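Peer 1: Chains as they are written, first to last, in my numbering: chain S, 1 to 312; chain L, 1 to 493; chain E, 1 to 121; chain G, 1 to 95; chain V, 1 to 161; chain W, 1 to 491; chain R, 1 to 116.
If you're looking for bench data, these hints aren't it; they were derived computationally from the structure.
Here the structure is a predicted model, which is why all the values come from computation and not from measurement.
For each residue, glycine too, the CB sits at the ideal point set by N, CA and C.
You can take every hint at face value.
Using 20 Å as the maximum straight-line C-alpha spacing, the simulated EDC-like pairs for lysine to aspartate or glutamate come out as follows:
1) W/Lys113 x L/Glu441
2) L/Lys155 x E/Asp117
3) W/Lys114 x L/Glu444
4) L/Lys155 x L/Glu102
5) V/Lys103 x V/Asp129
Rough simulated footprint, nothing fancy, chain S against chain V, three-plus residues with beta-carbon under 8 Å:
6) 13-20
7) 36-43
8) 101-110
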Amino acid sequence: MLGLTAMTIIRLRSLFAVVMLFSIYSLLTASLFMVLDAVDVAFTEAAVGAGISTMLMLGTLMITGYREKRPAHSPILPLIVVVLTGAVLVWGTLDMPHFGSPDQPVHQHVAPRYIDDSPKEVGIPNMVTSVLASYRGYDTMGETIVVFAALIGVLSLIGIKKYTNKEPGRTEKPPESILQVAAKLLIPFILLFALYVQFHGDFGPGGGFQAGVIFAAGIILYALTFSLKDAMHLAPPKVVKVIAAFGVLLYGGTGIVSMLKGGTFLNYSVLAHDPIHGQHYGILLVELGVGLTVASVMMLIFYAFVSRGEAD
Amino acid sequence: MMEMHLPVLQVIVPLLSAAICFLLGRGKLPWMFATLVSWVTFAISILIAIQVSDGSTLQYELGGWEPPWGISYNVDQLNALVLVIVSGIAAVVFPYALRSVEREIAPEQHGLFYTAMLLCFAGLLGITITGDAFNVFVLLEISSLSTYTLISLGKDRRALTSSFQYLIMGTIGATFILIGIGLIYALTGTLNMADLAERIPQIESSRTLQAAFAFIVVGFGLKLAMFPLHLWLPNAYAFAPSVVSAFLAATATKVAVYALLRFLFDVYDVNFTYEAMQVQYLLIPLATVAILFASIVAIFQNDVKRMLAYSSVAQIGYMLLGIGLVNATGITATLLHLFNHALMKGALFLALGAVCYRIGRTSIQQMAGLGQQMPWTMAAFVVGGLSIIGVPLTAGFVSKWYLILGTLENGWWPLTAAILIASLLAVIYIWRVVEVAYFRERPEGAPDVKEAPLSLLLPTWVLAAANIYFGVQTDFTVSFAKGAAASLLGGAP
Amino acid sequence: MDTLGLFNYWVVIFLMMAGFYTVIARGNLVKKIVGLNIFQTSVFILYISLGKVSGGTAPIVSDAATAYSNPLPHVLILTAIVVGVATTALGLALIIRIKEAYGTIEEDEILAMDQKDEGRE
Amino acid sequence: MMFAVTAVAIMVIMALALIRAFMGPSVYDRILAVNMFGTKTVLFIAVLGFFAGRPDFLDIAMVYALINFIGVIAVLKFVERIAEEESADVDGKEN
Amino acid sequence: MPYITFIIISLTVFWLLLSGFWDNGLLLALGAVSVALVGYLTWQIERQHPTMLSTRILLLLPVFLVWLIGEIIKANIDVLKRIWFSGRYPVEPIMKSLPMSQKGALGKTIYANAITLTPGTVSVDVVGDRVLVHAVSAEGIAGLEEGEMDRRVTALEGKTT
Amino acid sequence: MSFLPITLEMSIVLALLLPLLGGLGILLAGRYPNLREGVTLTTALLLLLVVFSMIPEILAGERPELVLLEMMPGLSIRFEVEPLGMLFACVAAFLWPINSIYSIGYMRGNKEKKQTRFYFFFVVAIFGAMGIAFAGNLVTLFLFYEVLTLSTFPLVTHKGSSSMQSGRVYLGILITTSIGLLLPAIIWTWHVTGTTAFVPGGIIGDNLQGPLLVLLLFLFVYGIGKAAVMPVHRWLPAAMVAPTPVSALLHAVAVVKAGVFSVVKVVTYIFGLETLQGVAGVEWLLYAAGFTVVVASFIALQQDNLKRRLAYSTIGQLSYVVLGVAILAPISMVGAALHIVAHAFGKITLFFAAGAIYTASKKTEVSQLDGIGRRMPWTMGAFAIGALSMIGVPPAVGFISKWYILMGAFQTEQWIAIAVIIISTLLNAAYFVPIIFAAFFKPEAPGTKDHGEAPFAAVLALSLTAAMTVLLFLFPEVPFELAKQIGVGVP
Amino acid sequence: MEQVVDILSWLLLLAGSFLGISGAIGLFRFPDFYSRVHAASVTDTLCALLIISGLVLQAGFTLITVKLIIVLLFLWYTSPVASHALVKAAHYHGLKPLLSDSNEDEVKEEEVSSKS
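Chain S extracted, bound-state conformation:
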């Protein structure tokens, strides 16, 4: 199914259809992740691939137009490159450990400790979260920074246009459509759900990143059903920008505090008397940092794209 989708994406020239199919592709991948036990990843892929990416692509298409020209040059050279690369990969996989077999080196080294000891060492049931936020917490900090860097890029490229009321005389609101009524009722629950995901990352799938995306999605829904102006009123860009940087600093700050308390950077065990508690607090804080940054960055990027589209 995935292959079929991919091929169709290549073939189709209506970019709009391509983007929609891409969102399907993402959902499919996410389902596959589910099958492969990667629940957290599935969660993220759904939120990001089918959600944010698709929305951003649509935002771009609004501005750039949606039809692709017939490719002018011959596809032979790229084809060769691709086939070659693929051949190397296939050749390389011949010696790969077989899919799913538990005696792969992957499952023999390093990972057993995460699986066997993390509930004791870190004290939370979701191993993905403990690896993510504690064992490899630094990677996750990097990830947060990557998101932040993307924000910097988008802001410097397209910026958020100040919303100018084009029709100042229009004070009387048109009757609310079905969509608006429905969305309004839904949004609070979406937001709360996001916060739920944020704070229950320790126990089930989810965590700061997913929560951030969902939260942003809630705000985006508001912007879509009502107007960008309303959304900006609810979550003013200025405030959100501060929050974005604050999230990063919260993450880093947690690390620095653990340094000041005598551990190494991001060693949460020293945060409280009891290492387990320390880990718990640390993870809570850094996840919060991630969530704040991601949510605000996603919102800001969305603002930037849409305000750019509405400006012209």
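Using the hints, position chains L, E, G, V, W and R against chain S.
Peer 2: Just chains L, E, G, V, W and R, lined up with the frame of chain S:
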């Protein structure tokens, strides 16, 4: 107490400062802050270098988890050298940025600009210092994303397309690296470099391992603009703001070369790289062609920035050639050139930035007669140029000397010839600028220009002087490079 | 050799190459970004399938479970996904600017315009 | 067992929706198919949770439903906008 | 402020149901903070776009839903017949504008959604007091024209405007 | 004992430092021509003093050494004064003040632009020449060789963009040969011997044999493009676009002399005569030099432009030096060293004269010079002496050097060399004597502008050098002694 | 007792699957976009209801059940909104429905009146 934390401070200081910088808004404040940070970072890198100068290795366990379960930072002479050069260049470029950026970038974007610069800077440091294969990828992306941003800030609209091109190429490269790391991981179950180094020899014959190797080499090849994967580089450097060109040319490709070295010799080992993969037979032809071809192309460029960009491609060829020589001298030469090339390209691009500050562009015709009008700027350019050519008493000579020695040790005469021919080509392209600047009159009606302001000149001259200093006083660089080369070839540290 | 156990990888490789092909062969910039996403997503699948243990279950402690899949690839891919979306956002922002500056997002048209620019210099 | 059967059935539905999405012919058909695909994914995930013996993953199903909904709304907004800008039809007739 | 109150209460319930940790002090506290935050945001939205919500609707809605499920099952079977036995039960699409008696936006929304939710009919557009309905067959429209659903929804709305 | 109260090492430093300080002074004094030229002259005289002060001790066998800095183990910037270098330094130091005097007259007389730049690069060139003279190893030599090349480029192209094309030829050939051939030769030497120092008797020893040795020699000789052995002589006529003092500098003092000096130095101190003697294939150098001598002379014969004729004459004369080396006899080596001196004085006189003629009458062609001797008796008199030295006729110093070279050829029975010397002497005479004859005895062409001698400074300079040409013939002891000590074991 | 529950949920799940597949086939059998919406709505409503009920029976009276119900409510809440928005957009932007002949004129009339 703080000493223990130096390795991590090296990266998180600029990293977190970026977030603070973002909050500082417009005006001069972000600049002042960023400059301060770059100096602090430089100081940290010096302290680290002092600690490892005796050949020891520092290890820092992030999160308090010992590797391979947690991520660790490892510093030895090799990356200490790279850290010093990256942060040193930054410490010079940031002060320079103020005036140059005022001229080239819209005021409301200054805060963002410095934030992106800090991010890029921190990312590069992070790639250099980390001891975890996947962490390399993450930090690589931090620096890449901010690099795309920085390039796109160039005035010309072509900055956008070149940034986009770079984005595509860079992401493909990063994804290749990701594939490579994934394949290695599949075989070993670990991501820590030292741990990998222990486990890889046990499975040397695996084809998967070789495929992974190919992907990593190609991936980093894209990032470091290995010929023929260099196509993104000339445009990116040519259209980026001057400060960015200078900073990237001096640091970004260096770090990629470093990372490649790390993977070739530390993660994989020497035997694998040279004997199982025969990497030298790939590198040497490519590097030679790069050196010659890029130098020739450089000669025909009208834009001096682009000319220097092509020159960079050629210089990267030198570094790869050093790797391909399969001997300690070759690796030493690569490391030396890594360091020295940063100095010379930095000086050249900064001088060019000063020119751009005054005349607004960098096409060669526009530089006519500048030798008189901007004597100090052009003198710095000449010093950098001499270094590129490899004239004795400049830093460029030292690394070329070692490179040639390396070729001679193997008795590979044609390569010696190629290096010399490329030096000649370098003479030609540098000379074109010198001739126009010094022996042409300022065109009629062209506005009179003054010497660049001191805040631009001073950093430029710091680097120009460094070119001479490190061409004369080679103890520091050579001893570090030799120590690092020995440890690289000697297997895992 | 029992190639069936590797079949999974080959599918992934096929997808990867489809994405890769889109990136390098297609002239439309948006399509390139889409291709890039497909390419990356397929790599993610590769990683995740590495982490799967037959008979294992999601790595969240549960009384019922006996074996868990490897959590490490999951963590890595979470990070990689985020990196991917960040790249996408930046790429799209660039496309918007390119469209504004050139009036088109077709690679060959842009190249032609660039060449004209260079000719004028 | 019964979950497996259900899961397979849902996959069949998804496949059919996918084909509809490929075929079009109008943009709205595609959106409809995508929407349907999304809702079926939600069910699929729910069933899958039971199949894998970990029924506590329903959160993910919820997210899918949510994202699907917002996605469809976004697409519609896009279509409206395009249609406003050019009166020409938006149908992907080129296929 | 019945709306806000309603939202706060249902949010709290929502959180507790989702979380399932009713004895974890930290999570409860976080939940309280979360509900407060979302409540604040909702209030902000409400100030911009007020909703007319009466307690009456809330109380009567479950009854309506049960009825609606019955309708949905009936409608489903109808459409199913048209899918499998298209010979005997042909698809004869029809579109018709129907009157609606609800006053408030919420009521109209409920009615229109109820129409859509029953397979075989879908509300295309709501203009003023009329709703344009597309149906797969004339019977669907006829069923609506009988007006039972309209009456029930209006009853939900009550006398408040 | 030195007659200056400083050590020899200090003298080396001073000899290098003085030109640089002078350069700085010139730049600072740029606005005030008199002050500027005063600085030039003062520097020149001081330098002369410093260099000459070293002669006695060198003659006494002292070999002062100075390592300025060590770039890498075995690679340093090192100076060492030995007789050959001393000889070259003396020539340069002696001719520079004279050239400066002449320049002042010439540049002012012709109202040239950008004189500050001119004087500045002039001192830098002298700095390069000093560095070459005192270079203690190949690397140092190479470095200063390039300094000299680069610093003379602005001088060659002084006339502006019209001279740029020739400037490029000049620079192109010199840089290409030096980087493409000389540098590899140096590296190769370093690679096989582990050092690049100049050591009497050579350092190559047994490290290289047969064809490889010949190849290395080939690289060195053609790498040192400044020696202008055909076919890398093209830069020399191209450089004729320069103002005359520059041509004088290029052809007499610094550039070409640096070239042949380096050849002599490399052969004596890197190869060692004994290493080369009897190696099959080394004769090619003899043939190349001989060929250059003869062909260049023929070409010179056909030139009507006076400066071009002198240029080709220079090419021929330089190859005398190379010839002297190629004979591989100690006595001809001494001749070669002496010829550096002899040719310097002779040729500078000739160029000065050509410049003086141009300054006074704006004439540049040989055919225009009929009867000019009567208007400019001093100039043409000096010209005659210079020409005699070129031909090798007493009482000019050229005779002595040619004589020694010839003797060496006889000793080793190299008949080709002898034939070359004889033929070229005839050719030299053929292209110089008619000029002198026409200048003094032919009637002036009708309608010539009335003019007198060139400016005083110019006349003074050329008279001085002409006198030196004669004086050196009469008292050749000092250069001869120095030449004898270069370590080839002359009886 | 357990057996009864199992059989019941079997039935529910199977019925749900059948309905879903029917709807999907309807997606192909129905002639135009508007009628396909009805087919899709089958899968969104009763099909979802049946499947989730089946799951609920398996889960018993736990929080999982609650979550399942939340999912269902969510689906039921969003699906008509989405469908409506979709149809409205299609209609608004001039996608003509395929109508039985008798209805055609009536609709045109309707549109004129509604747009004025």
